[in-house]
Amino acid sequence: MFFDKFLKSPKKKPIPIKIGSSVLKHGEIKGSIDDIIQVILQSTGSPGDLVIRRFEDNGDTAAAVIYLETLVDGNLLGQHVIEPINKFIQEKTAVLGASQLKLIISASKSVEVDNLHNGIEKLLSGYALVIIGDVSIILAVPLLSFAKRPIEEAVTEKTIKGPREGFNETLSDNISMIRRSIKDPNLKLEKKIVGERTKTEIAIIYLNDVANPDIVQEVHKRLEQIKIDGILETGYIAEFISDRRLTPFPLVQETERSDKVMSAILEGRVAILVDRSSFNIIVPATSNEFYQTAEDFYFNWITGTALRLIRAIGTIIAVTLPGFYLSMVTINPELLPPSVVQLEASVRTQVPFPAILEMGITFFAFEVLREASARSPVNINMILGVGGGIVMGLAAINAGLVSGITVTVVVFCVLATFCTSNLAKEQAWRWIRYVLFAAGAVFGFIGVICAGVLILAHMASLKSFGVSYLAPWGPPIIVDMADSPIRLPWWLSYRRPPTYRPQQEDRLGKNEGEDEA
Amino acid sequence: MLKEKTGIGPGLLFMILYATLFSLGVMQSPYVAAEYIGNNGYWGLVLAFVLTVGLIILLNSLGRKFPKKSIIQYLPVVCGTFLGKILGLIYLTFIFAILILSSNMTALQSGTYFLFRTPSWAIFLLYLGVLTYIAHQGIEGITRLAAFIFPVTFILSLMAIGFSFQSFELDNIRPIFFIDGLKIPLGAVQLFYPFFPLITVLMIYPYLTEKRKGFKTILGATTLAFFMILATIISGIGNYSAPGVLRYSWPVIEVTRKANLPFILQSFGLFFTVSWLTLTLTGLGFLYYILAEGIAQLLGVLNYKWFTLILFPIIYSGMILLTEIIEVRYIFSFFRVSGFVFTIGFLLFVWLLAVIRRRGGKKDAA
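So the sequence lines, in the order shown, correspond to chains A and B.
Take the first sequence: its letters are residues 1031 to 1547, numbered as in the numbering used here.
Take the second sequence: its letters are residues 79 to 444, numbered as in the numbering used here.
In isolation and in its complexed conformation, chain B is listed as follows:
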């Protein structure tokens, strides 16, 4: 066979990160912003983004230290074999949690709107089947899929969010500069969750072909996703005000339904949903792949393709259990805070340990 290139360029990295960050972050953020901050909830996301820049610097620094290794491979080098394996397991558990929660919420929400007579187990089966297939295609297939859908989904999302400002009222997002104690910083912690998937970069950094463009690419994708989510929050609150947003379980769909082109298109809601679902499936498929690849590397047996199959019943059971036992929205708020602590803490810990123990660089590059 012709030697295949097993690498992804900056363009592909940009698109897969954008797809994952935007799709997993956009749907809940207006609700979270309205719930924890209020009418000026958008500041929470801005603050979260500022923190994210620091996170990206750390991610890139770790990537440069170990350019040919994934986090699972270099954790034992940095922390010792035992602790490294444990930390690797924790890292993968976190990815697993994001995957389960996001898949569950996506499936349930879309089921509520479009398949209200279909039992949730059937919807989960459908979603997970698609995710497994996407994950099975590997990093190149997934990133190419993200790149292919990017132009259309981006334009449709942009139009839907842009036109949703038709009923925007400035009063609804006021008072703009009102600082109500610790509301904004605490809200920022809650609104940091769209940037959780950034830690997947630690797994795919070795595949990046042009590592010198790593920082710019990650920052670019994050910034684009940030602006799109910010616009959605502003539009959501601007259309309905914070208390109004809290009335809807899926405020973004309500906002995009308001967007229309008179006499041409009655509502952008449908197109936005198509774009969002496509991006979400791609993003979740990517997380699934990361999980499968990570486990394969951690255990050192089989390859990720096997683990996409082995993980299927586990993820499926997780999704079902989550639905039957716990109120997802309720635990999601705890997950957002713990995820924030983990993301920042884990990265800082690994980075500091690598610096203190002088691990990484040329010595560990290979």
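One chain only, chain A, in its complex shape:
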């Protein structure tokens, strides 16, 4: 009720965004070629890269081609549009009408535009508009050409073993990567346009006979509810479609790796690919998914299991250690072994600041270093690492501003945070660590436990597209639990994760999915 207003997503109200000029209110295609050109010029504001090519026949305008030269491939335009029209007019076999135009334009995927609104949208999306004399038809010919990044290794999810194919910012390239790997007629691809001004193309990809239809339907519903002027990156979509807004935890999985998306599709999950973003979305996403990497499945299962355990333990340490350390140093030293207490006491006498301030300053210094190095060129990063990390750290210890133990704890925690294999999840833990830190400083050991339970309770209340965020542990789903700390060997992984309620539970068979416990 009261908290709902703040903690849960309210019913999404559409944000009204008005576009288009009044001239094009109805968008009828009527008048002469010049009238149409005039309307287009008015509506688009006569941009500098707009080219209008007219074809004259006996002094009259027989046809016109309108395109944006910055978006259209000139060679293709000449080859598929201009040359055929020229040739037709010169041969004078007939009057250039709608049926002739469709025949002579050799470019595939040409579409007839029934409305000037659509025509202008196409024009701005890299189509060339072909208008003929009687304006009975406007043909939009796709000739989009732009500079794009080649397929490279995913920067944020590097692996030692496995494919080096990461997504790039071109939707068609990303789709082709998936299509090339999953040659199944049931691989369904649906496209949507989101963003009133950017008209960003989104592809929803899933296995029609495996993915839960309720989840697919919900994906469509949530995407349709997005009302925004522009989508520039996947993060926009992720924020819109998440089940809960007031949470630091990512409720959808974003990845740059194509193999991860393919694996998710095979499990019965739904992929959302966004044009102009190398990060793509997988839903539903449970907390467990963020600790699994593609490599787990490429190495031997024993190695995969060991890596998963290291990741989980590393994350626990990264999040809880500052809180526990501070609580034990300041409020509950009796919980430490006597030898450690002696060591800590002797060190503390050399440091002028109280432990909370000392640790706070050290953490802040590391956060500053991290932020500074995150967006710096590689060669500057080296200087920041050596100068900031090593020299400054040692100088601070030698000057007696901070203790060696504190620096050790902070550095270890910062490093351990990166055990989380997902950037969004790592960011969540990064800030939650300070909640535990504050709780430990105020209420000691009890405070850390209380804050820990509070965070777990929050996580337990989260859902991703109807799937519990803590699954397969809460609720317990035995089949998936086995494949959580342990990477099940392939010869035992004959079932899809029941967590996502797939239509076919058996990877090869036709069993029905089962419900949560």
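Note that these hints are calculated values from the structure, not bench results.
Everything numeric in this text was worked out from a predicted model, so none of it was measured.
Possibly wrong hints are sitting among the right ones.
Beyond 12 Å from chain B on every Cβ pair, some chain A residues (computed) [as the list claims (entries may be wrong)]:
(1) Q1068
(2) I1112
(3) N1198
(4) R1306
(5) A1324
(6) E1364
(7) P1384
(8) R1405
(9) A1501
(10) W1521
Here are some, though not all, of the chain A residues that point toward chain B, as calculated from beta-carbon distances under 10 Å [what the hints assert, rightly or not]:
(11) L1500
(12) P1506
(13) I1507
The beta-carbon is built from N, C-alpha and C at its ideal position, and this holds for glycine as well.
Based on the hints, put chain B in the right spot on chain A.
Frame of chain A; chain B shown alone:
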């Protein structure tokens, strides 16, 4: 929004019951067993467990009679509107009493050990804040939390209790078969208190998705909690003997402190405390939810989320008053006996009335 499932499976029911029964029962039971029975105090818990099986049969029978209604909803059907409402209020008062007493004792005890310079009002505020948040998450959130923490807390508790047998001496738990008059039955009444939270099942039974597994699930969770508590009592008395146990205000912590892995882990005490506190907060959060949900159903206004907020100052005041006015341990012994009478009596009364008046079954299922 995707249609959410508002139900809990047997697995979730098992885990929330285990968390509540174990966490609220384990800390005081060695002391109570030693105080009322002596060296063979563990028999009291065994006897209490036998009685509990009967209680579970009654709980399940009532649940099957009214599968889609909570006790608050079907009490007016069974007893008439007025008496039903009154009984509902009494039932909730009992839950309220368990919540206040357990929260108070947990906060004070953990404060004594870990926050001895912090005033009790601040510790209460911290605990109650956490409990309110947990209760606010609703039955699904709470049960998922219980399920998530179960594996780790269970293993840590098991290891702590298991390794605490290192200094166990058989002589301390002797004479095993010594029946000293009515000591064991009376002790069983005192040791019945870990099973009080079982009556919360009456509130959550409608949420259970697989009702045919209800009895097995409740019995399973109770049995597991029983064995864990029994092992703690045996270990406690076995380590210190009954008079020795009475020297400590929190004997279980002393017992688990004795547990250690040479050269690896100096003491399991800390890990056990972490597990126990986590389970306790979850269990108490669950009781808080039951109370809020029950009041919402009884009054028929607002929903449980509102009542988690409305109840906050009331519970907080109760905890403070209890600390300032009465010696909690002293009244706890009376509460244990009255709670025993209430739990058994209330359930028997409702069940008998439902049978005599032929209420329940298909007619009242919806």
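Cross-check of the supplied hints:
no. : hint  : verdict
1   : Q1068 : holds (48 Å)
2   : I1112 : holds (51 Å)
3   : N1198 : holds (32 Å)
4   : R1306 : holds (28 Å)
5   : A1324 : holds (26 Å)
6   : E1364 : violated (9 Å)
7   : P1384 : holds (16 Å)
8   : R1405 : holds (36 Å)
9   : A1501 : violated (8 Å)
10  : W1521 : holds (25 Å)
11  : L1500 : holds (5 Å)
12  : P1506 : holds (4 Å)
13  : I1507 : holds (8 Å)
This entry does not satisfy hints 6, 9, going by the numbered hints stated previously.
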